[in-house]
Structure formats: C-alpha cells, structure tokens
Amino acid sequence: MSTDTINTPKPATNGITRRQALKGTAAAAAGLAIGSGAITGFPTIWAQNIKNVTLRQFGTGVSNLNAVAEKVKQDLGFTLQMTALDSDAVSQRAVTQPRSYDIADIEYWICKKVFPAGVMQPMDVGKIKNFDKIVPLFITGKLTPDSTIAQGTAPHTVGFVEGKDSTSFAKSQTQWMTLIPTIYNADTLGIRPDLVGKPITQWKDLLDPAFKGKASILNIPSIGIMDAAMVAESMGEMKYGDKGNMTKAEIDKTVALLIEAKKAGQFRAFWKTFDESVNLMASGEVVIQSMWSPAVAAVRAKGIPCTYQPLKEGYRAWGGGLGIAKHVSGLELEAAYEYINWYLSGWVGAYLNRQGYYSAVIDTAKEHMSAEEWAFWMEGKPAATDILSPEGKVMEKAGAVRDGGSFYDRMGAVACWNAVMDEDRYMLRKWNEFIAA
Amino acid sequence: MTGQTQTLPAQRREGATSKRPDRTRLAAAVAPYLQVAPLTLTFAVFLLVPIATIIVVSFWDYDSIRVIPDFMLLNYEELLTSPVTWQIYLNTLKYAALTWALTLGIGFTVAYFLAFHVRSLTWQITLFMICTIPFWTSNIIRMISWIPFLGRNGLLNSTLLAMGVIDQPLEFLLFSDFSVVLAFVHLYVLFMVVPIFNSMMRIDRALVEAAVDAGATGWQVLTNVVIPLSKPGIAIGSIFVVTLVMGDFITVRLMSGGQSASVGLMMANQISLLQYPAAAANAVVLLLVVLIMVALMLRVVDIRKEL
Chain C
1 MSTDTINTPK
11 PATNGITRRQ
21 ALKGTAAAAA
31 GLAIGSGAIT
41 GFPTIWAQNI
51 KNVTLRQFGT
61 GVSNLNAVAE
71 KVKQDLGFTL
81 QMTALDSDAV
91 SQRAVTQPRS
101 YDIADIEYWI
111 CKKVFPAGVM
121 QPMDVGKIKN
131 FDKIVPLFIT
141 GKLTPDSTIA
151 QGTAPHTVGF
161 VEGKDSTSFA
171 KSQTQWMTLI
181 PTIYNADTLG
191 IRPDLVGKPI
201 TQWKDLLDPA
211 FKGKASILNI
221 PSIGIMDAAM
231 VAESMGEMKY
241 GDKGNMTKAE
251 IDKTVALLIE
261 AKKAGQFRAF
271 WKTFDESVNL
281 MASGEVVIQS
291 MWSPAVAAVR
301 AKGIPCTYQP
311 LKEGYRAWGG
321 GLGIAKHVSG
331 LELEAAYEYI
341 NWYLSGWVGA
351 YLNRQGYYSA
361 VIDTAKEHMS
371 AEEWAFWMEG
381 KPAATDILSP
391 EGKVMEKAGA
401 VRDGGSFYDR
411 MGAVACWNAV
421 MDEDRYMLRK
431 WNEFIAA
Chain U
438 MTGQTQTLPA
448 QRREGATSKR
458 PDRTRLAAAV
468 APYLQVAPLT
478 LTFAVFLLVP
488 IATIIVVSFW
498 DYDSIRVIPD
508 FMLLNYEELL
518 TSPVTWQIYL
528 NTLKYAALTW
538 ALTLGIGFTV
548 AYFLAFHVRS
558 LTWQITLFMI
568 CTIPFWTSNI
578 IRMISWIPFL
588 GRNGLLNSTL
598 LAMGVIDQPL
608 EFLLFSDFSV
618 VLAFVHLYVL
628 FMVVPIFNSM
638 MRIDRALVEA
648 AVDAGATGWQ
658 VLTNVVIPLS
668 KPGIAIGSIF
678 VVTLVMGDFI
688 TVRLMSGGQS
698 ASVGLMMANQ
708 ISLLQYPAAA
718 ANAVVLLLVV
728 LIMVALMLRV
738 VDIRKEL
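Same order as they appear, the protein sequences are chains C and U.
Counted from 1, the first sequence has number 5 at position 5 by our numbering; the numbering is strictly sequential.
If you count the second sequence from 1, you need to add 437 to reach our numbering.
Calculated directly from the structure, the hints in this document are not laboratory data.
Given the structure is predicted, the values throughout are model-derived calculations rather than measurements.
Glycine included, each C-beta is placed from N, C-alpha and C at the ideal position.
Watch out, some of these pointers could steer you wrong.
Claimed, not checked - Derived SDA-like pairs (lysine to any residue); straight-line CA-CA distance at most 20 angstroms:
(1) C:Lys272 x U:Thr518
(2) C:Lys326 x C:Ser100
(3) C:Lys73 x C:Gln97
(4) C:Lys262 x U:Gln524
(5) C:Lys248 x U:Ile577
Claimed, not checked - Here are some chain C residues the structure puts well away from chain U; computed CB gaps all over 12 angstroms:
(6) Arg99
(7) Gln151
(8) Ala301
Unchecked claim - Facing chain C, from chain U, some residues (calculated, C-beta under 7 angstroms):
(9) Ala474
(10) Val521
(11) Gln524
(12) Ile525
(13) Arg589
(14) Asn590
(15) Phe612
(16) Gly694
(17) Gly695
(18) Ala698
(19) Ser709
(20) Leu710
(21) Leu725
Pulled out of the complex, with its shape left as it was, chain C reads as follows:
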C-alpha cells in the first residue's frame, strides 16, 4: 500500500443543506426505506435526496480508502467523508468525540474499550443482508467447526450485545451486533531473506543474538506486548493463560525479557507507524521485525526482497469492522445500513482481498475477483498470471506464491488476537519501563 492510498479528509460538504434536507424528508424517506428489507447488494432507490446525505467515517489508514468513498458515491449516491488516523487516534476520537463521526471503522480490540463507553449503537442483524455469509470467525470464534478459539480479544467476544441499548457484550450470538466485520488479517514477522542468512521458523528468532542490533518490534504497547508474548512463549520462557489478558506476573516476566534483550543491544529501533516499519526494513537498518502485511508489500514494491514469514507458533491476528455512532438516526441511519450492506456485497471485499487482507464475506468478494486472483490470494496457489494491486500496478509476478498459503492455512493458524487487557494500566507502566531502560 503506497502512501497515496492513505486518505486525506475530503472537503466538507455543506452541513446545513444536509440537515435541512433531512428535516423535511426524513419521514418520507424512512417510510420508503422500511420497504428496503430486500436489499440485494444493489442500491435501493429512495428519494432523490439521498444524494444530500453525507456520512462521516473515520478509521485507520488500512481501510479508509478514497477508492471506497468514490465507489460509494457512484453506487449509492451519497457522500462518504473519510478520515484516516492512526490506531491510537482512532480510539481517542471514538470515545472523546462521538458526535464527530457517523460511521466508526474500528478494530475489535479498540471496540472493547469504545463500546462500553456508550457512544455507539448496536446494529440489527436482521437488516444485514449477508449476515449469514459472514465468516464464522466473527460469529462463533471458530473458522471451521473443529478449530480452537484463539487467545486475546477474539472478535466474537466483543461482537454482540444483549439488546438495542445494551453496552455490555453478550457471551454468544444475538440479534444485536457491535461492529460489522469488514477487514482482518494474520500478522507475523517480516524478514529480509537476503540479509538474515538463515531460515526463520519461529517467533523466538526475533531475539536470536545473530540479529543483534538488527531487530525491531512495534511500539504500540497493547500490540507490541502480544508480539513479545509470542516470542517469550516460543523461547519456552513463558506459558500464558491468555496472552491477550496477562496477569501482573506475566507482564513482569515478559517485559523483563524485553528489557534484557534491549540492554544486550538486540534492537535497532522501535517503530510506531506504517512508514517507519517500511523504512527500517527497506534501508537495511533492520532485518527482522514484527510487521504488517501491506508494509511488507511496500518494501517489495521498492524492489527489495522482504518475506512475511509463516512461523511455527502461528499468527497474531487483528480485525476491524464498521460501527454506527449513537446519534445517527432517520435517513442517515438507513443510509448507514445501506452502506454496510454494500460493503459486504463484494466490491470492497475484492478490493481488500487484492491488498492481502481478508473480507468478512468471502463468497461475494469471489464474484468480483478473477479466478487467477482468487487462486493466488485465497487458495495460496502460485499466481497463474501477474497479480495486480487494486490500483493496477504489478504486485507479484506470475509464479509467485502468497506468504503463508491459503486463507484457511493463515486464518486457521491464528494463535491470538490483538487485545486490551484488564491490567492495561499496569502493562503500560511496565512498557514505559522497557522503553526507558
């Protein structure tokens, strides 16, 4: 993903006109919209004034893409205003400025913090047309009926609430969903195969003294600690009850391990943003680090070899979804549902799949992808033809194979999900200790 796909906010359209339009027509349009239960993935034609609706969406750069906003305007007629922020800013804005957005594109581990704050409204699954086709990972926590549920804040644990006004999470599937899953992936270590000089097979290789001064880890505490936990477990130093919800003793030991490695000069730098991780790797300052898949793609796009290495212990996964702010109602609410239904109807899914992420409803995405693309991205087969990015640039030459293999190989090997711990506060203090050491 190049930087130009990360959005800048679009200029605001005239809010007054929108509000005025809403006032007069909300009732009529709502009446029309009620009849729109049979949404087919194609926009339902309501009153013409849907064009005056503007939905303000914010989220991280991974999925807040201008291309999506443009396609929404084309397909649905209304305006989607996108703001891309970093993960930290997303959780802050979600909680502290709930009126500044209509649609929140947030990650599940952030949802665990945001939803109980009462700033969002649960969504009626009856209005989500493709609900039944959503990957079961988000409904039951299991990719296939016999897979085990991964540790951490697994999306299904924060995916449902009991009722329309409830802010506490339900134990199992209900009629009310917090976020409609849209995008997710499995993360692992990125390596420079030309510089590491030996096969990398396990998370513990991150702290291998052979890479002294050439390793990096991400400095977003709640995610970095999970990577550290994967390493610690892989080294056999630790055995966690739940890596995503550590006890104080577990946090102490994990951070002690990191501090020891830091004092020994293991790390070259810590990264916090996408481009930092790309630059560290591309410049050769770092040869092994925790990384995100589009960052690996960005390094490769510079003609520098970079591998997203599947590891024995599995992946650390993350997922994001769309939620609706509490204040959204009337025509805007209907437009929001329309948008979410459109989101799951295939075009965006294919767009995300083509970037190496996964879409929540894979069946509809398949319809928007060529057979070769599907085989490469989802089935882990060698590319039959050159694989193009959504912008049409060659990403992989024919014959290339996706790191980690098929969708089921990758998502089936998830060891833990990004999480918020109960001992969040303590963990941050310890993490600061690590950075200051």
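Following the hints, put chain U in place on chain C, whose structure we already have.
Structure of chain U alone, referenced to chain C:
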C-alpha cells in the same frame, strides 16, 4: 506599564472636555482595564482554563474506557514512586543539558561573529537571513532528513567506508543519544542565535573601545564586557531551548528509533491508551519542573532590568 502611557492623552484631554469631568475621569480609569482586557481574556481562556482543567483531571480516576471524576492521589503516587519516572526525567534533563550547552556554544559564536566581525549592516542582515533558511521547512522534515544520512547504509557511513576510514558501519550515528542531541541542536540553535545577536547589537561599541583603550585583551573584553551585556539574550535563548527540549516527544521518538524515552513520550503513550488522568498528572509535574528551571534562569539574569 502600557496602561500608564496610554492614559496620558486621555488625561491631557481632560481640560478640553471639562464640561463632563465625571465621565471623562471614569473613562480614564476604565481605559487601561479595557486595554489589557483582550490579552487577559486570551490568557485566561487559552492558558489558565486548560491548565486548571489539567490540574483537576490529574486527580481523577480512570479505567480503560473512561475518566471518572474523583479526588485521589494515586496518579501522582504511581508517577512519583516509579523508578521509570525518575529515569525518564533524568534522561530528558540529560538531553536538555547537552542541547543547551551545545546550542549556547554554537549560538554565541555565530551571534558574536555576526555582531562584531561583520562590519556592514547589509551583510549582517543577509547572513542572519541565511541562518533562518533551514527553518523554511518543517521540523519533522529537517529531522527525518538526518535518518538516511546517518543510517547504517547511509550517506555518511558509505562515504567513510569508501574512503577507508572505517571498515564497519558506525552504529552509534543513528537511533542513539548522539542522533537525538544532534537533531535537537540542529532544530533549536537558531532560538539561541537570535536573542543573543539581539543583545549584542545593543551593546554600545564605545564600551568595547574603552575597554581596549584601557588595555584589555580580546579575552578580557569578551568576558568582562560582551558576555555580561549579552546575558539577557543568553537567558532568553536558554529558556527557549530548555523548555522546547523538556516538552519534546517526536524528536526523541524518531531520532532514537523509539529506544529512548522522554517525559513527553511517556505522556503520549498514556494518552494513546486513554489514560488521561495519568498523563495530566505527568503534565503537572513537568510544568512544575520547567517553571522551576525557568525561575532559576531568571534568578541569574533579571531580564526586566536588562531590557
């Protein structure tokens, strides 16, 4: 001060408008308050209210989602009893001290050259403008541009390797205390040059001549005439540099590769996890530390007198 000089015309007019003395006297009394009102209001709204809010919030409780209005000292307790805090403060002070010493040395030399060696005013102004050219780009850009230069495979290392000066890339150049201080000096040296240059330009050249006539050596002129008379500039420059370094987080993060912490960075981490009360407590402590530092600097030089 401003109030007094501004009321003079009003008092003078008093004679001319003696028909309505009460009203004029009232206007004369109210005028200075009206004149300071905009500044007072601005300070109150944009400085005092936020600081008061921060102080209040620093006593509140919080969990992973909300801040909870309360009165407790736990935030301060956690902050002040943690060895991490002391370590981070020590680290931040180390950066501040190193940056201060280097910017003072460089800034004083540059200002001295501009003020005493360059004879024509045109050239002084021209050279002074050249000093400001790097500031036409943003802080971040100037900082980031060091990274490819200093990196393991960067320009400097590859040049040195090619020249045969070294046979292994120098690792300490980037993502180290060295690179942090280097960036700070680069970013803030102008804040030292400008006030010192300003002070030096006010020094009566006759004093220098008198000192030379009285048999003072160049060094004696410098230490007995120029430095004492440049003190206000040095103090102002020092306040700029020290407060900027104490509050910084982005330079430390980028140039140390995230491997060092500063007080600002600690706060940024807390804010990112919505731990606002903890960050607020941190901010209050930092504010106090910086105020004490500024007070100490002002004790050495009475700026009001010197100006």
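Okay, the hints, checked on the actual structure:
no.: 1; hint: C:Lys272 x U:Thr518; result: violated (28 angstroms)
no.: 2; hint: C:Lys326 x C:Ser100; result: holds (11 angstroms)
no.: 3; hint: C:Lys73 x C:Gln97; result: violated (26 angstroms)
no.: 4; hint: C:Lys262 x U:Gln524; result: holds (16 angstroms)
no.: 5; hint: C:Lys248 x U:Ile577; result: violated (37 angstroms)
no.: 6; hint: Arg99; result: holds (17 angstroms)
no.: 7; hint: Gln151; result: holds (18 angstroms)
no.: 8; hint: Ala301; result: holds (18 angstroms)
no.: 9; hint: Ala474; result: violated (32 angstroms)
no.: 10; hint: Val521; result: holds (5 angstroms)
no.: 11; hint: Gln524; result: holds (5 angstroms)
no.: 12; hint: Ile525; result: holds (5 angstroms)
no.: 13; hint: Arg589; result: holds (5 angstroms)
no.: 14; hint: Asn590; result: holds (5 angstroms)
no.: 15; hint: Phe612; result: holds (5 angstroms)
no.: 16; hint: Gly694; result: holds (3 angstroms)
no.: 17; hint: Gly695; result: holds (3 angstroms)
no.: 18; hint: Ala698; result: holds (4 angstroms)
no.: 19; hint: Ser709; result: holds (3 angstroms)
no.: 20; hint: Leu710; result: holds (5 angstroms)
no.: 21; hint: Leu725; result: violated (20 angstroms)
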